[in-house]
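A.B. asks: Taken in order, these protein sequences are the chains called A and B.
Just add 24 to wherever you are in the first sequence, counting from 1, and you've got the numbering used here.
Just add 24 to wherever you are in the second sequence, counting from 1, and you've got the numbering used here.
Simulated from the structure, these hints should not be mistaken for laboratory data.
Please note that a few of the clues may not be correct.
Identical copies look the same in the list; a pair holds intra-copy or inter-copy alike.
Unchecked claim - Under the rule of at most 20 Å between Cα atoms (straight-line distance), these lysine to any residue pairs were calculated in the SDA-like manner:
| # | residue 1 | residue 2 |
| --- | --- | --- |
| 1 | K441 | S373 |
| 2 | K87 | A341 |
| 3 | K87 | P55 |
| 4 | K333 | D310 |
| 5 | K441 | E418 |
| 6 | K333 | I278 |
| 7 | K333 | T318 |
| 8 | K441 | L393 |
| 9 | K441 | V143 |
| 10 | K333 | P53 |
| 11 | K87 | G213 |
| 12 | K441 | T366 |
| 13 | K441 | Q424 |
| 14 | K441 | W371 |
| 15 | K441 | S132 |
| 16 | K441 | T257 |
There are 2 protein chains.
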Amino acid sequence: MSASTPYENMSPVTQAAHRARTAAAEIAPLPRSAKDDALLAIADALEVRTKEIVEANALDIAKAREAGTSETVIDRLTLTPERVRAIASDVRDVAALPDPVGEVVRGSTLPNGIDLRQVRVPLGVVGIIYEARPNVTVDAAALCLKSGNAVLLRGSSSAYESNTALVQVLRDAVGGAGLPADAIQLVPGESRDSVRELMRARGLVDVLIPRGGASLIRTVVEESTVPVIETGTGNCHVYVDAQADLDMAVDILINSKASRPSVCNAAETLLVHQDIADAFLPRALDALAEAGVTVHGDERVQSYADATKATVVPATAEDWETEYLSYDIAAAVVDSLDAAVTHIRRWTSGHTEAIVTTSQAAARRFTQLVDSTTVAVNASTRFTDGGQFGFGAEIGISTQKLHARGPMGLPELTSTKYIVTGDGHVR
Amino acid sequence: MSASTPYENMSPVTQAAHRARTAAAEIAPLPRSAKDDALLAIADALEVRTKEIVEANALDIAKAREAGTSETVIDRLTLTPERVRAIASDVRDVAALPDPVGEVVRGSTLPNGIDLRQVRVPLGVVGIIYEARPNVTVDAAALCLKSGNAVLLRGSSSAYESNTALVQVLRDAVGGAGLPADAIQLVPGESRDSVRELMRARGLVDVLIPRGGASLIRTVVEESTVPVIETGTGNCHVYVDAQADLDMAVDILINSKASRPSVCNAAETLLVHQDIADAFLPRALDALAEAGVTVHGDERVQSYADATKATVVPATAEDWETEYLSYDIAAAVVDSLDAAVTHIRRWTSGHTEAIVTTSQAAARRFTQLVDSTTVAVNASTRFTDGGQFGFGAEIGISTQKLHARGPMGLPELTSTKYIVTGDGHVR
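Let's have the full structure, built from the sequences with the hints guiding it.
C.D. replies: Shown next as structure tokens:
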């Protein structure tokens, strides 16, 4: 962007990004109290203006119904007065969290007497590209504001009316609290072009976080020149080792798979050590059947099916890499712990893998060799979550290795800078 | 990459990346002692085999001379027995550094009794794309090995013979120490195509670090689907505030600009508060003239030129964004500290900015408002350096906000994973 480009000749997305940059510079140095006041003003405003939010949401729902959208998706899209109250309450929770900005990450006095401090600072302008759920609009805005960032929100067109109403409420509240309203903006335009522009706004937007289906995430990862934090795909595994408490293994398997199959930390593949297959698989298959889960099994798993109530269909290579997000699970018998690790390394999306074992050596080896955001030992895969981890909030779950890995809380929405203080020091 | 792609049908670069991935999985869990033994073996081998390294280097130098390369560049390319010894000594220093892998970054027991630990792990496969200096080949390989990563090295074709010889020595030493030699590989092929392939090897290569000129870095940043850590461009500023110790200001200015103009932490722009311009600029211009520096000044700076020995040429907008890397400096008089900050935010590459001031309030405001990797108060810009910061080594200086910002040491070559330990915990 050259200095001479007239502002009015910029596209609406670029203009929004420029305004976000200016707002980001204003809110970055603000103390916690100023940001918390704005967050509490947002929570109050959401409650006071619930009616207009729900009315706007009704327009989205009517459009979705007309388009024949499934009731599951419509339910996710729906805002009721109770849901708006819950969203407002979440914003108050964010206000109560510690401010990550200003935290001294490291610090020392160098041998020459220079004081060195590495301090957390906001990232700047954060772009969030997301689907369906309008609650993400408020969650993401609150987390970005708390961490001193300006946010550019690009929701799905199916929630356009809801998001427009919500963002208007947020901006009014932020402005009323004396902060720049442009710290929270909806990306203008409903077309794909505005997403594309956002992805090429390197230098204006500091990071893009796509939240949604695998194809959205793949597009952003491949086409963006703005740095991206990849989130969410979860082909999670439960591995039952040669020595394991069978009750515990069944509980963890069923909880990991069936407690909420539509989320990224749900299990998608079961691996069973051959030495425990006779004892474990009949029980596991019955428990999965009872939970309504269809098993996509390899030949050895299939061989146990007849003696159980389970529906076992033959697994293909595709099953090993599928994130079903449904009442389906892939299942295989493996020869050893190392074979389980090899299978996982080959097929995992790198989200969460659990081992159930009574062996300390097995737990240690599995933990060392599995390279995913989270390795669970004798615990459900479902614990990989910012709330469960005690972060108080979550902007997403990063499945990449750079910057942040696993559930991202407020510190993951910051960068750092070094402050070097001397008294005339030269080299 | 589908499971059925036969290895032999892959391109040489993809094959190398696959071999690196396998090697990375093998070295990731290794304890420090195994990695240090390999590093010490590398240092010994470099000394024992100095002759073949220097001979290979002579071929590159002959080719460079034939091509009419400048003596400065040839000097950077040259390996002498002393330089090889110094490189070996640097490798021993890396061996002496603490191992970042396994460090517990955070840890707690959750309210439900689950033990949560966030532990440093290697990134996996690191790609380094760099120019000229063959010492980077060994430095980068040593740092990656120490941090448990496999490395794919893509040096410039002008150092091809040197790099080939060096990597052969490194691989032999690593293999001799019982580690997989494929943890260190030169990217096959001298053409641009091999760089392009490396940039598209998402899923095989975990991060690319370009080190070199601005155009190389821009290409990698824009074309890579592999996550990139942007390094190096330094349009650094020295700002002399209304109240400043004049001797200190001259010392810091001259040290920042002229102690080593070719490096990224050298100053490229001087900003002077109008209230101190009369007192400071004549002295500063004389000192710059003495150091052989040409000043590209705005009108107010030009007005001081006649009374000094300085060569002052009129500055254009281009000067404000130029990283000269030479005995040149842009200079302007500003109305206030905030005007200095605005200038810096507009033109900086975000590397390092220094303020010289006796005012605590000014130091605090400048530190808060300037958004660069490093802000120096009463110290030279030249301190932004992994060695100076006490990191013991440096793989580059990140000028981006994601993952790492500023000088990158060993911890910046790692990611983390969460380990969740329960005893049958379910949600």
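A.B. asks: Check each numbered hint against the structure and report the violated ones by number, ascending.
C.D. replies: When the structure is compared with the hints, numbers 2, 3 and 10 turn out to be violated.
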